[in-house]
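K.L.:
The residues making up each chain are set out below.
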Amino acid sequence: MTALLQIDRLTASYGSVQALFDLSLTLEEGQVVALMGRNGMGKTTTIRCITRLLPATGGSLRLAGQDVTRLSAPRVAQLGVGLVPEGRRCFAPLTVAENLLVAARPGPWDTARVCALFPRLAERMTQVARTLSGGEQQMLAIGRALMTNPRLLILDEATEGLAPVVRQEIWRGVRQLKADGLSILLVDKSLKEIATVADSAVIVERGATVWTGGIDGLTPELTDRYLGV
Amino acid sequence: MRRDMTINLVIFGLLVATAIGAHLMGEGFTVTLATKAAIFGLAGVGLNLALGYGGLVSFGHAAFFGIGGYVTGIFASHAASGQPILTLPFTLAGSNEMLGIWPMAMVAAGLAALVIGALSLRTTGVYFIMVTLAFAQMLFYFAISWPRYGGEDGLSFYVRNTFPGLNTFDPIQYFAICATLLGLALLFTAVVTQSRFGLALQAARQNSQRTVAVGIRPYGIRLTAFVLSGMIVGLAGALYADLNRFVSPAMLSWHMSGEIMVFVILGGVGRLCGPVAGAAIFILLEHLLGGVSDYWQALLGLLLLAIVLFAPGGLIGIVTGSRRHA
Amino acid sequence: MHEPILELTGLRKSFGALVATDDVSLTLRPGEIHALIGPNGAGKSTLIRQITGEIRPDQGSIRFEGQVIDGLDAAARARLGLARSFQVSSVIPDFTVLQNVMLAVAGASGNAFGLLRPALSDHRLTEPAAFHIEQAGLSGRAGVKAAELAHGERRKLEIAMALALRPRAFLLDEPMAGMGLEGGRQLTAILSDLRTEAPILLVEHDMDAVFALADRISVLVYGRIIATGTVDEIRANPEVRRSYLGEAA
Amino acid sequence: EGVKVGMITTLSGGGAGLGVDTRDGFLLALKQAGDAGAAVELVIEDDQQKPDIAVQIADKMIQSDNVDVLTGIVWSNLAMAVVPAAVAQNRFYLSTNAAPSALAGAGCHPKYFSVSYQNDNLHEAAGAYASEAGIGKIFIMAPNYPAGQDSLAGFKRFFKGEVVNEVYTQVGQTDYAAEIAQIRASGADAVFFFLPGGMGIAFMKQYAESGVGLPLVGPAFSFSQDILPAVGDAALGVKNTAQWSKDLDNAANKAFVEGFQAEYGRLPSLYAAQAYDTANLLLSAMAKADVADADAFAGALNAAEFDSVRGKFRFGPNRHPIQDIYIREVVKEGDVLTNRIIGVAMTDRGDAYADQCQN
Amino acid sequence: MLLAEQALNGLQYGMMLFLMAAGLTLVFGVMGLINLAHGSLYMIGAFACAAVAAATGSFWLGMAASLAAAAAAGAVVEMAVIRRLYARDHLDQVLATFALILFFSEGTRWVFGSFPLYLTLPSALSGAVTLPGGLQYPVFRLVIIAVGAAVALGLWLLITRTRLGIRIRAGEADREMIGALGVDIARLYTIVFALGAALAGLAGALVGSIQSVQVGMGEPVLILAFVVIVIGGIGSVKGALVGALLVGMTDTLGKALLPGLLATVMDPSSANTIGSALASMMIYILMAVILIARPQGLYGARA
Ligand SMILES: Nc1ncnc2c1ncn2[C@@H]1O[C@H](COP(=O)(O)OP(=O)(O)OP(=O)(O)O)[C@@H](O)[C@H]1O
Ligand SMILES: Nc1ncnc2c1ncn2[C@@H]1O[C@H](COP(=O)(O)OP(=O)(O)OP(=O)(O)O)[C@@H](O)[C@H]1O
Ligand SMILES: [Mg+2]
Ligand SMILES: [Mg+2]
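Protein chains in written order, with this note's numbering: chain D, 1 to 229; chain V, 1 to 326; chain W, 1 to 249; chain G, 1 to 359; chain E, 1 to 303.
It cannot be assumed that every hint is accurate.
Unchecked claim - Cβ pair distances, simulated, as ranges:
#1 W:55 x V:173: 54 to 64 Å
#2 E:149 x V:100: 57 to 67 Å
#3 E:90 x V:10: 27 to 37 Å
#4 E:154 x G:254: 55 to 65 Å
#5 W:55 x V:99: 47 to 57 Å
Stated by the list, open to error - Coverage of chain D stretches by chain W, computed from C-beta distances (three or more under 8 Å per stretch; other residues unrestricted):
#6 28-40
#7 123-134
#8 153-164
Because the hints were derived from the structure by calculation, they are not lab data.
Built from N, CA and C at the ideal position, the CB exists for glycine as well.
Full structure from sequences and hints, please.
P.N.:
Here is the structure:
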């Protein structure tokens with residue numbers, strides 16, 4: 001069986017500065033994989049490559065067997081990749097409702113279901129995103145990605161700035177999504193929560209994969225060495 | 001930093017060398033072209049202070065250019081006719097001394113910039129662009145329909161104003177005057193943009209919220225920059241009037257504002273010598289292409305387009321390979 | 001107890017029908033870290049913005065070091081010594097770290113109008129700036145453009161700029177956000193030392209940091225403060241557990 | 001020893017049509033003159049309809065090209081910028097079109113000749129014609145700038161009836177609904193207007209649509225051959241004044257009109273005719289005097305011994321023409337709109353400023 | 001009666017201004033692009049209409065040609081030039097589109113010559129009708145009012161009621177992000193830009209029919225279109241419409257009434273010149289006053 005996402009020896013640069021040197025990662029259909037590493041090690045860069053926001057300079061990216069290394073960002077998204085980006089990036093002048101609708105594609109997730117997940121958003125439907133509180137924006141970014149009804153959901157620090165209760169809500173949601181068969185690639189700083197949902201983990205250090213394995217294999221030595229815990 | 005300085009010196013040096021070379025070869029008109037480049041460069045340097053460093057995209061700087069020009073024209077024509085400009089509230093006689101006219105031109109342009117700036121700075125972004133345009137257009141239409149100084153026909157004063165010890169009618173001597181003033185303006189800009197004020201001005205452009213949070217009010221900083229900018233452009237207008245011995249509402253038109261802006265963008269926004277390079281290249285192209293075909297403006301358009309598309313950061317960006325420095 | 005440095009009484013701000021802060025009163029005492037927690041959209045950032053003067057409260061009053069500052073604008077309050085960091089990093093992107101901090105020093109000095117003296121070689125600016133960069137744990141990065149900093153470093157730059165204002169009080173809006181595990185721990189240490197310099201009003205969702213740092217905690221829910229107390233009191237408060245902490249306590 | 005001539009005219013941008021006709025008319029005359037024409041060394045530059053550019057070109061022609069004679073400027077404001085400085089530097093200026101009042105009276109100069117007219121002439125003729133045609137009440141309109149103000153003043157100078165309303169429009173205005181409403185309400189018998197270029201085209205079309213239908217009178221500029229096709233049938237029947245028309249019956253004009261059509265494949269405009277006359281005037285002076293002898297050359301020019309396409313032609317004391325001004329009507333010849341002379345509005349008209357000219 | 005006619009003229013002029021600005025509302029207001037070449041697209045529409053109408057004898061074919069030519073020019077410009085500038089400073093757009101003006105103006109003159117072209121109205125649209133109340137009014141001006149209103153309604157629906165509108169606005173806010181969500185924003189932008197260009201072309205053909213079709217006709221339109229949009233508030237169709245009507249009324253009534261008003265306090269001749277000078281400054285005074293009082297325009301949201 002081919003993996004849903006298969007990254008081989010990926011390299012990438014910002015201008016003349018190389019940020020990814022040798023990154024490999026495999027994510028099977030229905031799996032949750034955690035991408036881990038210290039600040040500035042290349043997690044977001046990897047995600048930008050997967051979503052084709054940053055061109056890869058070498059290596060390959062395959063989505064369900066199809067080579068997507070040269071596709072445009074919208075094409076990859078249309079193949080079923082949903083992104084919750086670092087820093088939220090809600091469309092500031094659009095209302096909450098418009099943000100949710102803007103890229104919606106048919107499927108189980110619709111406005112009603114997102115509102116059920118985040119009741120706070122339901123109250124703020126006609127407010128423009130610019131004036132939302134930080135946490136509300138984060139909820140909106142997640143809802144917006146869900147509305148595209150992806151096969152593969154990518155969460156880049158999706159719980160940043162959320163209240164503890166909401167964060168727990170999100171983790172419950174993630175477990176639910178996983179149970180529904182959605183595949184998820186996530187970056188987060190909460191080891192404890194990652195341990196409860198992820199099947200496997202990939203650790204990056206200076207733009208290269210330095211460890212891959214089942215989540216149970218993530219020993220304190222490893223986290224101490226690579227995450228500074 | 002050092003590299004930028006070298007580029008600046010090279011640009012300024014090239015301009016001066018062109019003029020001197022042309023003078024030695026008896027090409028009087030090339031000297032005049034270089035003078036024009038120096039004057040428009042000066043206007044660009046003025047605008048750059050507001051636009052490049054301060055992020056104040058003014059589409060109305062022709063107002064200050066024209067005011068500088070009209071002050072010169074009015075003084076000169078009154079000097080010729082011998083009648084005072086004002087009798088009330090005080091008597092103001094005409095003059096044909098550049099050294100007397102320049103401060104007047106700068107003060108008048110500065111006052112206009114103070115009023116226009118104080119009102120326009122309430123707005124930001126495109127709204128600022130349009131309010132500044134609005135003020136310039138008001139002056140433009142005023143000048144067109146105000147018969148006293150020629151209306152749309154403009155005002156000719158036939159002979160250049162005088163400068164002690166120099167024959168201003170000699171192209172190379174007039175160039176020397178303009179180039180010196182340009183040099184001074186460049187020096188002034190360099191100093192100001194490196195000062196605390198320059199730091200605050202550039203900070204306010206990039207992140208106004210943050211600037212306020214460290215206790216600096218952007219409004220005053222911007223207004224100061226706008227007024228200084230207007231004064232420099234006013235001086236350029238005065239020089240331009242003398243170059244042509246003629247002023248007209250065309251100096252106040254939005255085309256003029258646009259052209260000064262084009263010099264700045266073409267050369268490289270926020271680069272010290274960018275406007276000088278931009279003005280020089282623009283004038284050179286205009287001159288060279290003019291001989292090529294009747295439809296030379298289409299060629300000019302294509303060339304400009306090529307520069308924008310392939311040289312982000314303007315002409316200076318081509319050399320330094322970067323967009324702009326802080 | 002000491003006189004409070006910062007004292008809010010009855011602050012109220014509404015956006016249309018939404019009351020973002022509703023009759024909020026709160027004090028910040030010398031030497032303390034006062035944490036402000038509460039659900040998303042409770043009004044924490046709105047409260048900070050009222051204190052800094054970015055928005056005007058509809059009602060209520062703010063005293064800072066005994067002086068009523070309601071009539072002052074944001075720049076004036078910053079100069080009095082109210083320093084803030086932003087929930088989303090807000091620095092001058094094209095400036096280097098050093099220039100960013102120098103800007104703050106210049107702002108605090110109340111003299112941003114020096115037209116002629118070169119700033120970059122002005123030791124009255126560079127020396128304090130270098131000191132605060134060091135203090136915030138950014139030494140060695142002074143020459144790097146802010147836009148090229150990693151996320152965590154940019155958060156530290158926010159702190160360095162706040163320090164450079166030589167403030168009488170810090171208002172920090174989610175400084176831990178995006179810091180990562182290691183970075184978060186470093187920042188916790190920095191903040192812990194910082195309180196001796198000036199008290200901190202800390203808005204934060206990272207409960208590990210809050211519980212480690214806070215001397216007092218206030219809980220804001222729907223614009224109202226529903227509880228104020230020590231770490232243990234707040235942890236034990238059933239209402240707070242239900243509306244905010246969940247299982248985190 | 002020929003003469004070096006610098007032509008500054010508008011060859012790019014919206015006003016290029018007038019400059020192109022000016023240039024072509026001038027070139028045609030040189031060409032038809034054969035060897036004599038070849039003795040004229042011509043430098044042509046585009047002023048872009050910008051006064052500052054015109055001044056700089058003039059400087060260049062004087063400083064670098066060392067021309068003896070300047071010519072070609074279409075617009076009054078450009079002429080005001082260039083002419084005084086040029087004649088002050090001892091060059092001749094022969095105007096192919098613009099002839100502002102400031103250069104006709106106290107500001108006249110022995111080296112400045114207007115071959116076209118004095119700016120007021122056609123307006124004055126319109127006034128004279130309107131009086132003669134028995135128009136009692138008239139509505140008059142021009143753009144709010146010096147040439148427009150001169151225009152209305154010129155019209156009123158010879159109009160004996162009542163001016164019911166005098167309206168100044170904006171320079172460059174393209175919509176005239178408001179003015180047309182005023183015309184409708186004014187109770188006038190006719191409308192006089194001076195709206196050069198696109199302004200006139202727009203006004204005429206809108207006027208025709210409005211159903212007001214009062215007769216129109218104006219100077220030739222809005223009915224010149226370059227513009228008529230754009231105005232369309234709306235212009236039919238309008239009376240306009242000009243010192244030239246392509247149906248003027250004289251040999252010079254015949255040679256000009258036919259030559260122009262053969263050479264350029266279109267009908268000549270007023271501007272072409274004026275430039276043609278200018279070139280011929282120049283040639284006539286060259287035949288009699290050396291340009292190096294400025295006084296003699298000026299005298300030769302002043303004698304104006306050339307065959308004008310206007311028939312008779314002579315200069316007045318301020319070196320502006322004394323000539324007949326005709327009244328023309330816009331007619332259709334086959335498919336082509338053009339003008340036909342229907343009468344003489346003024347005979348041997350000089351201008352109102354000549355006696356102020358002391359130089 | 002005169003006043004009623006002038007008010008109608010003001011309304012009509014406002015609608016004409018709105019038509020001129022409609023394309024720019026999309027491109028500048030919604031997409032956030034400073035397109036100085038808007039006037040050139042307007043000119044292209046007028047020239048295409050005139051040329052095709054002259055060749056075929058049909059005004060309607062000319063109309064269609066104006067839409068097609070301007071849309072094609074717009075699409076080409078977007079793909080060849082504008083597309084490369086989205087990530088850049090707004091000022092680069094200023095320079096690039098300034099260059100396009102030069103290119104298009106001289107290019108048009110090269111193709112069509114220096115002389116104005118002729119565009120005549122079909123008989124169904126020409127002449128005047130008598131309105132209730134006895135006012136005679138040109139048919140074509142009524143048509144312009146109607147077309148303007150239809151365009152306004154259509155644009156408003158497009159921008160606020162369709163997914164397309166939401167997407168363009170999202171694209172303006174964060175172009176990269178909307179792409180990452182699966183929306184092919186590049187193609188969308190080309191389409192919208194072409195649509196904006198087509199509207200400019202339509203305005204050129206309609207307005208050109210009663211004005212003059214000549215090189216340079218687009219320049220005054222450019223400034224007026226920006227004025228209208230900015231007064232109304234960037235991004236708001238309603239604002240553009242209100243702005244256009246306001247400018248139309250101010251200009252028309254200013255021209256009609258100011259000289260008369262001034263004549264009551266000074267001699268008629270100087271009242272005339274001063275009055276019309278003031279009238280020509282009027283719309284800029286209006287804009288300055290509005291923006292100083294409301295820095296984000298009448299209906300603008302963005303700061
Ligand atoms: N726009 C950019 N230009 C230049 N360098 C960049 C840019 N964005 C990121 N980098 C650099 O690329 C490297 C990897 O950054 P990336 O954002 O992928 O890290 P990360 O693992 O996501 O870190 P964090 O946990 O802070 O989000 C860092 O060294 C960073 O400085
Ligand atoms: N300008 C505004 N217009 C309308 N509503 C606003 C405005 N600014 C803030 N709000 C609303 O006020 C509420 C309080 O916002 P605030 O940013 O203070 O929340 P917060 O407590 O900081 O939340 P978070 O922890 O998520 O950052 C939110 O619901 C927000 O949507
Ligand atoms: Mg990251
Ligand atoms: Mg907040």
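K.L.:
Against each hint, give a clear statement of whether it holds in the structure.
P.N.:
Hint by hint, here is what the structure shows:
Distance hint check: the CB atoms of residue 55 of chain W and residue 173 of chain V are about 59 Å apart, consistent with the given range 54 to 64 Å. The beta-carbon spacing between residue 149 of chain E and residue 100 of chain V, approximately 59 Å, falls within the hinted interval of 57 to 67 Å. Separated by about 29 Å at the C-beta atoms, residue 90 of chain E and residue 10 of chain V satisfy the suggested range of 27 to 37 Å. Between residue 154 of chain E and residue 254 of chain G the CB atoms are about 58 Å apart, so this pair conforms to the stated range of 55 to 65 Å.
Restraint check, residue 55 of chain W to residue 99 of chain V: a C-beta distance of roughly 52 Å satisfies the suggested window 47 to 57 Å. Requiring three or more residues with a Cβ within less than 8 Å of a Cβ of chain W, the coverage given for the segment 28-40 of chain D holds, as 3 such residues are present. Coverage of the segment 123-134 of chain D by chain W holds in this model, with 5 residues showing a Cβ closer than 8 Å to a Cβ of that chain against a need of three. With 6 residues carrying a beta carbon less than 8 Å from a beta carbon of chain W, the segment 153-164 of chain D meets the three-residue requirement, and the given coverage holds.
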